[in-house]
Amino acid sequence: MIGCPGDERITPALWGMAAILTLGGFLSMFTSTVVNVALGTIAAEFHAPLGTAQWIATGYLLALAAMVPVSGWASRRFGATKLWLGCVGLFALFSALCATATSIEALIVFRVLQGAAGGLLVPAGQILFAVAAGPKRLGRMMTVLSIPIYLAPVLGTLSGSLLTEGLGVSALFLVNVPISVLSLLLGRKWLPRESPEAARSLDLRGLLLTVSGLPLLVYGAAELAPVPAIAGAILLAVFAVTAPRSRAPLLDLRLFRDGAFAAAAAVIFCMGIALFGAMIVLPLYYLDVRHESLVATGLLTAPLALGTVVALPLAGRLTDRIGGARVIFAGLIVTIAGTVPLALLTGSDGYGWLSAVQIVRGCGIGLTTTPALAAGLILVARERISHAMPIFAMLQRIGASFGTSILTAVVSARLAAAPGSAEAIADTHWWIVGVTAIVLIPSWILARAESRHRVSKMD
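Using our numbering, the letters of the sequence shown map in sequence onto residues 1170 to 1628.
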């Protein structure tokens, strides 16, 4: 038995459910990075330009983004468990098709379809788990589902190099098949069966606006392409204006009327900028300044993920005990403390010291992002979680794209002026410090809203 959502105990059944859903979430995140290091090899194998091969990665990420807004409606319409199981099966199918593709065009198409399945897979699992965990266990249990977000990209980068060199390009995709099959078998046996909600008409206008606007905005921001970015922003703005007037909106934006939800959303968006944008900066230090190999760079940047994963269990326990806002505030301070030394980089800093600094920064990130998600969901009614979760996921992806865009522009300009300069990398980290410091404002607002909610429950 999973237990009552109001129960504070974490039952073995709930831990088992967490393990199954984490395995599925790992698939989607792992696959997003496993091919990146092999794009040159793939281009050569298919006799295609690197610019064309790049769409194997870009198409996957855009499909991931496009499906996030649909995940809430699909979970309500079909049931989160049924949706999750279907997406795992499709993910296995499209992974196998990628491995057997005979042209670069076919590979890109199969990767887009794979991304669409993955884009529904993660939110469906989060919705299913948030409902089962309930508010009193949400902080601890959501940390489990957060592990793939931080660990899978690191493992994907390292595994991509090893698989390509040892087994060839097809292994990059075939590796997903046994994991998918195992997830599917375990999910069919152990995940709870839930009844879908009464059939509601799909908000076609909202669907068209979001599945076109979000990928355009993400692509435009990440690629520094103003036209698609502006077009995507306009489409999403139209959705934001029209959605509240819809009888059955794709996403219920009225959630933003709650101050705690809005503050948690701001934290998630800003941390998307600071976290994912920063992931492109430090690797350039090892590659361009210290002239390390790609595999060595992956290993040298792994301590960040290690620190995050280590801090996640503590973040979950503290969130359930004292509330997410206080944990977020402390996490932001630790994140800043772990980022300032990177803003003082030189060309001769010891790798042991840099690894320790990354672990500290990772701990701060672990104390920030998942508590923000839990704090936002705790105040949301159970039946509205399927609206809240996709909203948070969209904001994180948009923030990540903006962070990548902004910091890429900054570090590129600095390195163009001083190639191979450690100072260029260091100066860019001051931007990351600034963005992280800004997040202290919405975290303070969230703390006040959380306190008011606690007082109102006591009354």
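Rather than coming from a laboratory, the hints here were simulated on the basis of the structure. If you're wondering where the values come from, they're calculated on a predicted model, not measured in any experiment. Even glycine gets a Cβ: it sits at the ideal position worked out from N, Cα and C. A few of these clues could be false.
[What the hints assert, rightly or not] What follows is a set of in silico ranges between Cβ atoms, one per label pair, in the way DEER data are often shown: (1) Trp1599 - Ile1399: 25 to 35 Å; (2) Arg1357 - Ser1272: 32 to 42 Å; (3) Leu1354 - Ala1213: 29 to 39 Å; (4) Glu1552 - His1216: 33 to 43 Å; (5) Ile1491 - His1460: 41 to 51 Å; (6) Ala1188 - Pro1218: 37 to 47 Å; (7) Arg1423 - Ser1581: 17 to 27 Å; (8) Pro1482 - Leu1354: 25 to 35 Å; (9) Val1509 - Leu1483: 21 to 31 Å.
[As the list claims (entries may be wrong)] Here are the computed lysine to aspartate or glutamate pairs in the DMTMM-like style, where the Cα-Cα straight-line distance is at most 25 Å: (10) Lys1251 - Glu1552; (11) Lys1305 - Glu1592; (12) Lys1305 - Asp1421; (13) Lys1251 - Asp1421; (14) Lys1305 - Glu1214; (15) Lys1305 - Glu1392.
The hints, checked one at a time:
{"no.": "1", "hint": "Trp1599 - Ile1399: 25 to 35 Å", "verdict": "28 Å, holds"}
{"no.": "2", "hint": "Arg1357 - Ser1272: 32 to 42 Å", "verdict": "34 Å, holds"}
{"no.": "3", "hint": "Leu1354 - Ala1213: 29 to 39 Å", "verdict": "37 Å, holds"}
{"no.": "4", "hint": "Glu1552 - His1216: 33 to 43 Å", "verdict": "53 Å, violated"}
{"no.": "5", "hint": "Ile1491 - His1460: 41 to 51 Å", "verdict": "46 Å, holds"}
{"no.": "6", "hint": "Ala1188 - Pro1218: 37 to 47 Å", "verdict": "42 Å, holds"}
{"no.": "7", "hint": "Arg1423 - Ser1581: 17 to 27 Å", "verdict": "40 Å, violated"}
{"no.": "8", "hint": "Pro1482 - Leu1354: 25 to 35 Å", "verdict": "28 Å, holds"}
{"no.": "9", "hint": "Val1509 - Leu1483: 21 to 31 Å", "verdict": "22 Å, holds"}
{"no.": "10", "hint": "Lys1251 - Glu1552", "verdict": "17 Å, holds"}
{"no.": "11", "hint": "Lys1305 - Glu1592", "verdict": "46 Å, violated"}
{"no.": "12", "hint": "Lys1305 - Asp1421", "verdict": "24 Å, holds"}
{"no.": "13", "hint": "Lys1251 - Asp1421", "verdict": "22 Å, holds"}
{"no.": "14", "hint": "Lys1305 - Glu1214", "verdict": "52 Å, violated"}
{"no.": "15", "hint": "Lys1305 - Glu1392", "verdict": "41 Å, violated"}
Figure legend: structure checked against the earlier numbered hints; hints not met, in rising order: 4, 7, 11, 14 and 15.
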